[in-house]
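J.: Residue strings, one per chain:
2 protein chains.
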Amino acid sequence: MHAAIIAVGSELLTHTRLDTNSLFLTEKLNLLGVEVVLKMVVGDHRGKLEAAIRYCLNHAELVILTGGLGPTEDDLTREAVESATGRALVFDSHICGALEARFASFGRKMAEINKRQAFVLEGAEILPNAKGTAPGQWLAMPSRQIIVMLPGPPGEMKPLAEEEFLPRLQRMLPPLALSTLTLRVAGMGESELDVLIAPIYKQYENPVTTILAKAGDLTIHLRAQTTSQVEADALTSELGAKIEIALGDRIYSRDGSPLEAAVLRLLIAKGQSVAVAESLTAGMLGSRFAGVAGASKAFVGGFITYNNGQKQGLLHVDPWVLAEHGEVSEPVALQMAASAREQANSHWALSLTGYAGPDGGTEENPVGTVFIGIAGPDGYLKSHRFRYPGGDRERIRQFSVQSSLNLLRLALD
Amino acid sequence: MHAAIIAVGSELLTHTRLDTNSLFLTEKLNLLGVEVVLKMVVGDHRGKLEAAIRYCLNHAELVILTGGLGPTEDDLTREAVESATGRALVFDSHICGALEARFASFGRKMAEINKRQAFVLEGAEILPNAKGTAPGQWLAMPSRQIIVMLPGPPGEMKPLAEEEFLPRLQRMLPPLALSTLTLRVAGMGESELDVLIAPIYKQYENPVTTILAKAGDLTIHLRAQTTSQVEADALTSELGAKIEIALGDRIYSRDGSPLEAAVLRLLIAKGQSVAVAESLTAGMLGSRFAGVAGASKAFVGGFITYNNGQKQGLLHVDPWVLAEHGEVSEPVALQMAASAREQANSHWALSLTGYAGPDGGTEENPVGTVFIGIAGPDGYLKSHRFRYPGGDRERIRQFSVQSSLNLLRLALD
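So the protein lines, in turn, are chains Y and V.
Once you know that position 413 of the first sequence is 766 in my numbering, the rest is easy, because the numbers rise by one and skip nothing.
Once you know that position 79 of the second sequence is 432 in my numbering, the rest is easy, because the numbers rise by one and skip nothing.
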């Protein structure tokens with residue numbers, strides 16, 4: 354089954370507000386095997402809302418509206434569904450009575466305006482709202498399509514969806530088995546990845562494959578749906594295995610966990626620890642490690658040496674090396690890593706020095722050049738030079754952190 | 354002018370991802386007097402995308418598509434606009450040459466697949482993408498409508514929109530006098546702020562006031578629109594002055610710049626420097642400083658002492674103080690700050706030690722407790738205890754960083 358979600362409300366068309374209800378609904382719908390194929394955000398305007406409902410009915414079997422069920426004249430979802438479907442709105446004295454009782458329970462008299470919330474589309478089933486005044490509605494159409502109206506405030510929408518809407522939906526759907534697999538990949542670009550694996554995953558319509566890319570981090574999601582769990586699992590296993598063979602050690606996690614968690618897991622398994630010495634990233638790597646609960650089992654801390662004085666003072670980098678090679682150079686990266694490892698008394702240390710821009714850089718090492726050093730047990734000491742596209746300071750720093758984590762992962766493997 | 358925004362990408366229809374590009378675009382469009390009347394999210398499906406474009410052309414004069422301009426076969430925005438408008442896609446050898454040069458500058462050869470990004474709709478103007486491989490396109494239609502295609506990654510979309518798309522749009526719009534004022538506030542909560550200033554800004558329909566809250570950081574936007582610039586400026590000045598009086602030194606910036614930039618500006622004006630000593634935040638504060646271009650004029654670096662061994666080894670915190678008071682305590686915060694300042698040879702140092710959770714904490718200092726130390730010139734040495742709501746590790750760390758920056762700002766003022 355395909356679903357479309359319409360978030361109703363002019364405030365959702367400002368620059369300060371996002372529709373987040375659809376994330377919750379999408380998660381729950383996917384678990385029932387319902388795919389969301391379209392999302393819309395429409396203001397409080399009856400004509401525009403009617404057009405959006407008609408459009409969604411052309412593209413989905415299930416149309417969910419959130420919001421616009423309040424008592425004010427801006428709340429036009431009921432009326433727009435009336436126009437789009439031709440079903441009449443009928444006053445429901447039961448709902449009205451329940452509303453009056455709700456207000457009375459707070460010692461208040463119901464305002465006349467709230468009577469608008471007691472109008473129901475002819476033939477619709479009421480979805481009672483335990484947390485607010487706007488009941489939801491479930492309207493089954495002769496076309497076998499369904500229109501569902503839910504309140505906008507998440508605190509009302511979520512319980513109403515879980516208690517009333519989703520169980521009703523589940524009862525009419527065929528039982529479904531779902532299997533998912535998440536592979537995370539580092540050390541390559543998005544197009545490089547796609548060249549390698551598109552010929553594989555394009556052979557499968559089921560599982561569905563999606564790829565997410567973010568600052569040097571790639572996530573591959575596989576999702577298979579069939580009627581039997583054994584078959585669904587077999588589908589993701591089969592495609593997953595083919596992708597794993599194609600990517601080899603570029604895959605760092607199979608459970609969705611981020612790269613820093615994968616590195617910490619490897620370290621903890623070996624009973625080893627890591628320290629950092631950060632120049633251009635200035636703590637971003639350390640902060641990534643510390644973002645993982647339980648990081649202290651392997652991450653000890655380190656140094657932020659943002660200027661050359663600190664590189665000399667805290668990490669004892671030779672002044673003549675800084676003068677001769679510059680602070681962004683292989684020997685400086687190596688000295689930073691070795692010194693951080695020694696002083697922090699850790700098994701490993703990662704160092705990062707580079708030009709994040711906008712200023713700085715040399716002809717040989719322009720903005721975007723980063724040297725990453727790794728010091729490890731048994732005299733392990735290496736450095737790697739990276740050259741990222743210049744022009745975006747934050748992105749260069751994020752890519753650097755990602756690369757350093759990946760280098761340590763490969764060194765540990 | 355009315356605009357519709359279509360966010361393209363199947364990943365934006367999953368439960369893990371939201372379209373946030375439209376918030377940025379809405380803010381910029383509103384400043385030009387353009388109202389966003391509709392937003393859609395559509396998957397990587399040519400037919401569905403074509404239908405969405407046709408629909409938006411029925412409801413807006415400006416249709417903006419973000420995403421789907423990448424090199425893979427899933428990137429179908431160009432083709433969907435071709436189908437929806439009947440304009441042919443034409444290979445542009447100039448773009449192709451620029452793409453090849455971009456890859457060459459990183460020492461890489463362009464993949465064949467990237468040639469897809471060199472196809473342009475007949476009659477469209479190219480919007481060059483300085484940050485990525487996908488150029489934007491601006492297509493003026495005979496109906497006087499405009500279709501604009503922008504890349505999906507925010508790091509590419511935003512600069513492209515600011516440098517290429519929005520100036521072009523502005524030139525064709527009637528001049529509108531607009532005046533904006535941004536006040537950023539630290540050291541108080543959102544509801545506390547609203548109690549103070551709502552009685553003031555509610556008196557004004559023009560300027561429009563919006564408040565954004567994020568991890569201890571509050572931003573107040575005032576926006577006045579009239580036909581005369583003098584009048585628009587007078588409106589924001591009048592309301593802005595009233596809000597400034599109500600908030601006093603809680604306002605840290607009047608130009609939109611973040612708190613770390615305000616602190617660095619104060620330091621640079623005094624010719625002073627700052628170092629950090631971070632435990633629970635493990636580099637997040639240092640990384641915030643280093644995110645500001647030119648930070649090295651005042652930020653020198655510091656220490657990440659994630660475990661007690663590092664607090665002792667790198668910062669010489671007394672073992673008996675750690676044993677007697679615990680690592681999350683006033684004396685430890687003070688020793689960390691004083692030692693970091695001395696060793697980094699800086700004018701100021703900020704230290705952070707606390708329980709981010711999920712484990713840890715004591716009865717006296719449960720998860721969410723953070724001590725922040727400040728060491729400064731002339732024997733300045735203070736610590737402050739904060740107690741944030743537990744349960745969200747990342748949020749506790751972000752609030753801590755924000756509080757430490759605000760304490761230094763107030764100490765410098």
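Take these hints with a grain of salt, some might be off.
Which copy is meant is left open, so a pair is good if it fits within one copy or across any two.
With a Cα cut of at most 30 Å, we get these calculated DSBU-like pairs of lysine-lysine [as the list claims (entries may be wrong)]:
1. LYS735 / LYS555
2. LYS462 / LYS650
3. LYS468 / LYS484
4. LYS511 / LYS567
5. LYS462 / LYS567
6. LYS555 / LYS468
7. LYS567 / LYS401
8. LYS623 / LYS381
9. LYS567 / LYS381
10. LYS511 / LYS735
11. LYS484 / LYS567
Rather than coming from a laboratory, the hints here were simulated on the basis of the structure.
Given the structure is predicted, the values throughout are model-derived calculations rather than measurements.
J.: Does each hint fit the structure? Answer for all of them.
T.: Outcome of the hint check:
Within a single copy, LYS735 and LYS555 get their C-alpha atoms no closer than 39 Å, and across copies no closer than 61 Å, so neither meets the 30 Å cut-off. In this assembly of identical chains, LYS462 and LYS650 lie within 30 Å of each other by CA distance neither inside one copy nor across copies; the values are 39 Å within and 42 Å between. For the identical chains of this complex, LYS468 and LYS484 are intra-copy neighbours only, at 17 Å inside a copy versus 54 Å across copies, given an alpha-carbon limit of 30 Å. Proximity of LYS511 to LYS567 under the C-alpha cut-off of 30 Å is found in both arrangements, the shortest distances being 20 Å within a copy and 16 Å between copies.
Taking identical chains as interchangeable, the C-alpha atoms of LYS462 and LYS567 lie at most 30 Å apart only when they sit on different chains, with a minimum of 22 Å there against 42 Å within one chain. Proximity of LYS555 and LYS468 under a CA criterion of 30 Å is satisfied inter-copy only: 20 Å between copies versus 54 Å inside one chain copy. Only between protomers do LYS567 and LYS401 lie at most 30 Å apart by alpha-carbon distance; the minimum there is 26 Å, versus 35 Å within a single protomer. Within a single copy, LYS623 and LYS381 get their C-alpha atoms no closer than 35 Å, and across copies no closer than 51 Å, so neither meets the 30 Å cut-off.
Proximity of LYS567 to LYS381 under the C-alpha cut-off of 30 Å is found in both arrangements, the shortest distances being 20 Å within a copy and 24 Å between copies. For the homomeric pair LYS511 and LYS735, neither the shortest alpha-carbon distance inside one copy (41 Å) nor that between copies (37 Å) is at most 30 Å. In this homomeric assembly, LYS484 and LYS567 come within 30 Å of each other (Cα to Cα) both inside a single copy, at 27 Å, and across copies, at 14 Å.
Checked against the numbered hints listed earlier, the structure breaks hints 1, 2, 8 and 10; every other hint is satisfied.
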